[in-house]
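Sequences are here, hints too, so could you generate the full structure?
Now for the letters of each chain:
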Amino acid sequence: MSEPLCFMMGLFKAVIPNDRQYSRRHLWLQESGPGRYRVGFTAYSVRLLQDVYFLEWSIDPETVVRDQQEIGEIESAKAVSSMFPPGAGKVLSFNPQLLNDPSGINAQNYGSGWLYEFEPAANLLSAEEYVEFLNSAWQDAQRTIKGQVNES
Amino acid sequence: MAVSKVTVVISQGQGRNPVRRQLEEDIATMLLTEPGVDVSLVPHLYDMSHDHTGLLFLRSVPGNLIVLSWLYDRAARWTLDRTGVRGHEGLSLLKSAEEDAEDEDENDVVAKNGIGSVNVPNRRVYAIDLRCSAKAEDFIREVRRIAGENTVQTVELMSWIGGTPKPEQLQRYLQPERMLEARRAFDSGHATLEDKAVLPEDTGRRWYPVIDYSRCTNCMECIDFCLFGVYGVDALDRILVEQQDSCKKGCPACSRVCPENAIIFPQHKTPAIAGAQGEVGGLKIDLSKLFGGDSGESAIDMAVKERDRELILDGREAVGTSVGIKQKVRDEIDQLIADLDALEF
Chain A
1 MSEPLCFMMG
11 LFKAVIPNDR
21 QYSRRHLWLQ
31 ESGPGRYRVG
41 FTAYSVRLLQ
51 DVYFLEWSID
61 PETVVRDQQE
71 IGEIESAKAV
81 SSMFPPGAGK
91 VLSFNPQLLN
101 DPSGINAQNY
111 GSGWLYEFEP
121 AANLLSAEEY
131 VEFLNSAWQD
141 AQRTIKGQVN
151 ES
Chain B
153 MAVSKVTVVI
163 SQGQGRNPVR
173 RQLEEDIATM
183 LLTEPGVDVS
193 LVPHLYDMSH
203 DHTGLLFLRS
213 VPGNLIVLSW
223 LYDRAARWTL
233 DRTGVRGHEG
243 LSLLKSAEED
253 AEDEDENDVV
263 AKNGIGSVNV
273 PNRRVYAIDL
283 RCSAKAEDFI
293 REVRRIAGEN
303 TVQTVELMSW
313 IGGTPKPEQL
323 QRYLQPERML
333 EARRAFDSGH
343 ATLEDKAVLP
353 EDTGRRWYPV
363 IDYSRCTNCM
373 ECIDFCLFGV
383 YGVDALDRIL
393 VEQQDSCKKG
403 CPACSRVCPE
413 NAIIFPQHKT
423 PAIAGAQGEV
433 GGLKIDLSKL
443 FGGDSGESAI
453 DMAVKERDRE
463 LILDGREAVG
473 TSVGIKQKVR
483 DEIDQLIADL
493 DALEF
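Each protein sequence line maps, in turn, to chains A and B. Read the first sequence against my numbering and you will find it ends at 152, with the numbers running on by one and no gaps. Read the second sequence against my numbering and you will find it ends at 497, with the numbers running on by one and no gaps.
The hints are simulated quantities; they were obtained by calculation from the structure and are not laboratory data. All C-beta atoms in this analysis are idealised placements derived from N, C-alpha and C, irrespective of residue type, glycine included. You may find that some hints are simply not true.
What the hints assert, rightly or not - Distance condition first, Cα-Cα at most 20 angstroms in a straight line; then the derived PhoX-like pairs of lysine-lysine:
#1 B:Lys457 <-> B:Lys478
#2 A:Lys78 <-> A:Lys13
#3 B:Lys247 <-> B:Lys287
#4 B:Lys287 <-> A:Lys78
#5 A:Lys78 <-> B:Lys457
#6 B:Lys441 <-> B:Lys457
Stated by the list, open to error - Some chain B residues close to chain A (C-beta under 7 angstroms, calculated; not the full set):
#7 Gly167
#8 Leu326
#9 Arg330
#10 Asp354
#11 Val393
#12 Gln396
#13 Asn413
#14 Leu442
#15 Gly444
#16 Gly445
To be verified - Now the stretches of chain A that chain B is said to cover, found in silico as 3 or more residues with beta-carbon under 8 angstroms:
#17 2 to 13
#18 119 to 126
Put into structure tokens, the structure is as follows:
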């Protein structure tokens with residue numbers, strides 16, 4: 001395996017391993033069986049969220065979802081967000097370890113802190129393509145975050 | 153025995169955020185020794201079911217009441233109203249600067265339009281947002297100020313101890329020190345059976361609208377718009393949230409169509425929907441847009457989309473804008489879009 005890529009969020013270095021694929025929703029996907037992918041938050045997402053306190057799914061396992069469908073909620077020390085799938089596909093099962101204690105997302109976001117297993121129906125990004133996407137979207141992302149901070 | 157007392161009830165945060173837990177504990181501990189003040193802890197106000205002992209306790213509190221919660225004061229006040237914990241609105245000075253600036257406008261609106269609450273007893277209920285400050289001392293100072301403001305009022309202490317809810321059910325709320333101790337044991341994973349017995353029953357996260365009757369004009373837009381049977385009317389033909397558990401988790405559509413912004417979803421991420429008057433500092437950032445949500449639509453567009461989504465999930469037909477939206481509103485939207493188009497962004 002080659003060296004992981006990284007993306008600089010200001011001074012913070014978000015590591016983007018290239019042993020897996022990605023989605024524009026800031027999630028990674030790694031094949032765990034035929035047509036079956038584990039999905040988790042990238043270092044970029046975890047950095048924005050920081051300490052996660054709450055995670056709840058609003059759909060059942062084995063649910064077919066469309067792109068941008070809300071499938072749950074997450075809350076951290078710094079932020080709240082709805083949860084969205086990496087794209088259209090089918091959510092197969094949730095990581096049981098996170099159901100009682102979501103802090104695994106912070107401890108091992110690329111490992112045991114995976115979120116759910118998923119059968120994607122759309123194309124995925126390579127690590128290079130994801131970093132490219134991060135580069136192009138960073139200005140907008142900062143504006144989105146700072147816009148909210150200034151309003152409050 | 154007549155006593156002059158103010159009761160402070162801390163509505164605990166959802167989840168076990170250690171920072172929030174600590175602030176709750178600091179405030180409770182400091183108030184334990186405060187003369188003229190009773191302090192107690194209950195689970196999160198919004199999540200308690202109608203017959204939860206925490207709500208029975210709240211309903212049994214006589215006299216002036218201060219409720220500290222992780223909710224906008226408006227959301228807390230009308231959630232209390234809905235559960236039958238009523239009183240005249242006590243004004244807290246503990247607000248963020250932005251909120252102060254808008255206060256006068258708010259009061260004007262209230263005086264003009266709202267149908268108001270009913271059966272309001274002669275006492276004050278103060279709702280204070282725990283997000284106003286990170287320092288327990290600020291809350292203690294405000295509690296003292298309120299206690300000083302209300303020294304004249306007297307209540308019969310014994311009248312509520314003997315009431316209908318069984319005293320033993322409510323005993324735990326009268327022993328805040330013991331409850332805090334049990335909570336610490338629970339958080340560290342060492343709770344004994346005795347500890348668990350003094351903690352309130354578990355609550356899950358709930359989702360339903362709360363009506364602010366100081367703004368609500370009884371226009372019935374919400375009952376026309378919601379197709380899930382959440383709303384109803386009472387014997388006086390006043391709108392009410394009748395079937396709160398029919399409400400669709402995450403859907404705030406009725407709040408968006410309410411012309412008076414009187415429908416609060418206390419757990420929604422958007423401050424205006426969650427009951428913010430101004431903005432409270434230290435609010436959480438909403439990352440939904442980055443993580444895949446869409447945005448940039450009008451409130452009615454969003455409401456129609458949210459409602460259609462829930463209808464389809466229920467196996468029903470989407471209705472778009474054909475049901476429950478006044479023609480006037482639709483015309484206004486068309487005009488707005490035309491105006492925007494004319495600007496040629």
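Hints, one by one, checked against the model:
Simply put, Lys457 (chain B) and Lys478 (chain B) have alpha-carbon atoms about 16 angstroms apart, close enough for the 20 angstroms limit, and the pair holds. Straight-line distance between C-alpha atoms of Lys78 (chain A) and Lys13 (chain A) comes to about 19 angstroms, which keeps the hinted pair within the 20 angstroms bound. For the proposed pair Lys247 (chain B) and Lys287 (chain B), the alpha carbon gap of about 13 angstroms is at most 20 angstroms, so the pair holds. For the proposed pair Lys287 (chain B) and Lys78 (chain A), the alpha carbon gap of about 18 angstroms is at most 20 angstroms, so the pair holds.
Pair hint Lys78 (chain A) plus Lys457 (chain B) does not hold up; C-alpha atoms about 28 angstroms apart against a cutoff of 20 angstroms. Between the alpha carbons of Lys441 (chain B) and Lys457 (chain B) the distance comes to roughly 17 angstroms, so the proposed pair stays at or under 20 angstroms and holds. At about 5 angstroms, the closest approach between the beta carbon of Gly167 (chain B) and any beta carbon in chain A falls short of 7 angstroms, and the interface hint on this residue holds. With its C-beta approaching chain A no nearer than about 30 angstroms, Leu326 (chain B) sits outside the 7 angstroms limit, and its interface hint is violated.
Checking Arg330 (chain B) against chain A: minimum C-beta separation of about 26 angstroms lies over 7 angstroms; hint violated. A cut of 7 angstroms between beta carbons decides the hint on Asp354 (chain B): the least distance to chain A is about 13 angstroms, and the hint is violated. The beta carbon of Val393 (chain B) comes no nearer than 21 angstroms to any beta carbon in chain A, farther than 7 angstroms, and the hint placing it at the interface is violated. Against a cut-off of 7 angstroms between C-beta atoms, the interface hint on Gln396 (chain B) is violated, since the closest Cβ of chain A lies about 17 angstroms away.
Violation of the interface hint for Asn413 (chain B) is found here, the shortest Cβ-Cβ separation to chain A being roughly 17 angstroms, above the 7 angstroms cut-off. With a cut of 7 angstroms, the hint placing Leu442 (chain B) at the interface with chain A holds, because the nearest CB-to-CB distance is about 6 angstroms. Hint status for Gly444 (chain B) relative to chain A: holds, with the closest Cβ pair at about 3 angstroms, below 7 angstroms. For Gly445 (chain B), the interface hint holds, the least distance from its beta-carbon to any beta-carbon of chain A being 6 angstroms, beneath 7 angstroms.
Under a criterion of three residues with beta carbons nearer than 8 angstroms to beta carbons of chain B, the stated coverage of the region 2 to 13 of chain A fails, only 0 such residues being counted. Against chain B, the region 119 to 126 of chain A contributes 0 residues with a C-beta closer than 8 angstroms to a partner C-beta. That does not satisfy the three-residue criterion, and the hint is violated.
Hint violations for this structure: numbers 5, 8, 9, 10, 11, 12, 13, 17 and 18, all remaining hints satisfied.
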